[in-house]
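Same order as they appear, the protein sequences are chains A and B. Counting in this note's numbering, the first sequence runs from 1 upward without gaps. Counting in this note's numbering, the second sequence runs from 1001 upward without gaps.
One or more hints might be untrue.
[To be verified] From the structure, some residues in chain A lie toward chain B, with a derived Cβ separation under 7 Å:
1) SER3
2) TRP4
3) GLN90
4) SER106
5) CYS110
6) ILE119
[To be verified] Derived coverage of chain A by chain B (criterion: at least 3 residues anywhere in the stretch with Cβ under 8 Å from a Cβ of chain B; other residues may be distant):
7) 51-61
8) 97-104
9) 131-142
No lab work stands behind these hints: they were computed from the structure. Here the structure is a predicted model, which means the values were calculated and not measured. Even glycine gets a Cβ: it sits at the ideal position worked out from N, Cα and C.
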Amino acid sequence: MTSWLLEFVDLHYAYPGGRGPVLKGLSLGIPEGKKCALLGRNGCGKSTLFLHGNGIIQPQQGQVLWRGTPLSYKRAALQEMTQKVGLVFQDPEHQLIAGTVAEDISYGLCNRNLPADVIREKVRAVLDAFGMTELADVPIHHLSLGQKRRLALAGVMVLAPELLLLDEPTAYLDRYQTKNLLRELDAIHQNGTTVLMATHDMDIAFEWAEWLCVMDEGRLIFAGEPQEALARKEMLESLHLGLPLIAELWEALPPEWRREAGERIPCSLEELKTRLAVHAAAR
Amino acid sequence: MIGQQLDSLSYQNRLRFLPPEHKLLLAGVLIVLALTGHEWLQMAICVWMGVWVTVYARIPVRIFCGFFILSLSFFVLGLPALLLEAARADAATVVQTVAAWKVGPYLVYIPASAVDKVWVLFWRTMASLACFAFVLFTVPFAEILQVLRKLKLPAIVTDLLMIMYRFIFVLLGISHQLWIAQRARGGHRGFRGMLRDASGLAAQLFVRAMRKYDALSKGMAARGFGESLQVLSLHTHSRSRRYEAESIAGCLLLILLEWWTGG
Chain A
1 MTSWLLEFVD
11 LHYAYPGGRG
21 PVLKGLSLGI
31 PEGKKCALLG
41 RNGCGKSTLF
51 LHGNGIIQPQ
61 QGQVLWRGTP
71 LSYKRAALQE
81 MTQKVGLVFQ
91 DPEHQLIAGT
101 VAEDISYGLC
111 NRNLPADVIR
121 EKVRAVLDAF
131 GMTELADVPI
141 HHLSLGQKRR
151 LALAGVMVLA
161 PELLLLDEPT
171 AYLDRYQTKN
181 LLRELDAIHQ
191 NGTTVLMATH
201 DMDIAFEWAE
211 WLCVMDEGRL
221 IFAGEPQEAL
231 ARKEMLESLH
241 LGLPLIAELW
251 EALPPEWRRE
261 AGERIPCSLE
271 ELKTRLAVHA
281 AAR
Chain B
1001 MIGQQLDSLS
1011 YQNRLRFLPP
1021 EHKLLLAGVL
1031 IVLALTGHEW
1041 LQMAICVWMG
1051 VWVTVYARIP
1061 VRIFCGFFIL
1071 SLSFFVLGLP
1081 ALLLEAARAD
1091 AATVVQTVAA
1101 WKVGPYLVYI
1111 PASAVDKVWV
1121 LFWRTMASLA
1131 CFAFVLFTVP
1141 FAEILQVLRK
1151 LKLPAIVTDL
1161 LMIMYRFIFV
1171 LLGISHQLWI
1181 AQRARGGHRG
1191 FRGMLRDASG
1201 LAAQLFVRAM
1211 RKYDALSKGM
1221 AARGFGESLQ
1231 VLSLHTHSRS
1241 RRYEAESIAG
1251 CLLLILLEWW
1261 TGG
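Pulled out of the complex, with its shape left as it was, chain A reads as follows (with noise of 0.2 Å):
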């Protein structure tokens, strides 16, 4: 069996003057050690559910369980969580708090009460594995979207979560700061970290992810392998979440080519190009 790093139990939810419920009797874990990804559309509770995550909102009915223990929800405890789930918001303007870049790293590792020289040394190589330390110095409002998004991550990733929420990390990015960030949270994966993303995006939930969740309306429809989830073609669709291009792309060429290639279907346009020519020169 699996086991869960975090699991949530029978969520419900419904914010204060809100019209009905979010989460709905939500139960979905997250697996530990891998790459996940949360397909939903807009409005589903995906941002809900990651504040439940790190203990931020309460829930009104379920459990949160991490590592099988439930979480609680006294001061200390949550001080704590909040170390050990780092969560990035889709706003960064959301959580940068300080007036630099150097400074809003520096806030996670202050609340700590660690010593100002090891949160310098902290704070130096978080800046040089992101690649911002000639921006150390450089007020938060003189950067770009694309920047802050960065600084929101390295903030979050400089406290050394075991697990990283990321709210629909790729919105308004463009393709090349888009390939960056995966990248990153590539680099961050193999490190350590199990990550999660929440995202609309079939293509690139399919092409980076290991482990698929699908929720729509406050409840999760799916969870499993990225192929298992192509094979229910008809949930994906009922969804409005469509297939992603590559594997509408598999679908169009010749059934034949398909089966001598073999019948899974290709995560990335990589693969597709690697096989079709293997494919090509047994021909």
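Assemble chain B onto chain A, guided by the hints.
The following block gives chain B in isolation, referenced to the frame of chain A:
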């Protein structure tokens, strides 16, 4: 976006490397001198601060003068109240006047003593503004906050200042976006239309500020907000013997000047 420009300048000025404590101390000493001294001293402070800002810190002269013009416009607005006096023409006491007009049964006049007072006030204002400009253009706000923290100002005050500083730019950004959106959708037609759109913008700004506030408080909780907002900067400052010598010698000279001109 004057605010943004001011902020960029303070981050890029050539005196950025000097310790902020020293710059604030110099400005503080000079403000005390300007407020207690005479006109000659105040004129000297204006010139000297002008040299620091435009020559040493390399702030464009145009922007330095613009700052003075903008700030002095408030002084000019206050002038009528300082200069003009009125009395019934038949009951007017004899004083030395610079100009006088008869308006009905009243005599409106500018007494010579008021002109002297305005002269004194003008130079005091100029000198204080020059010191303020020096701080504004050469010390970034984040560093002022650090000095305030070192001075053991209560954390609640520095936290509030820091959040206000962040919000100024967030709100400026939102209002700029809304303003552009209104124009792009055919708003700002005529004076009445302009007023209506401006009031709409103010209302929207309030709603969005509240939403931002809610989101930011969640963001702070997610980053483990403790009891106070603490941050550390990587920026290191280095002392400069040349600037230290000039500021100490300058201050001593100014005190001598004040003593010599009969302080």
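Practice problem: Determine which of the earlier numbered hints do not hold for this structure and return their numbers in increasing order. | Solution: 1, 2 and 3
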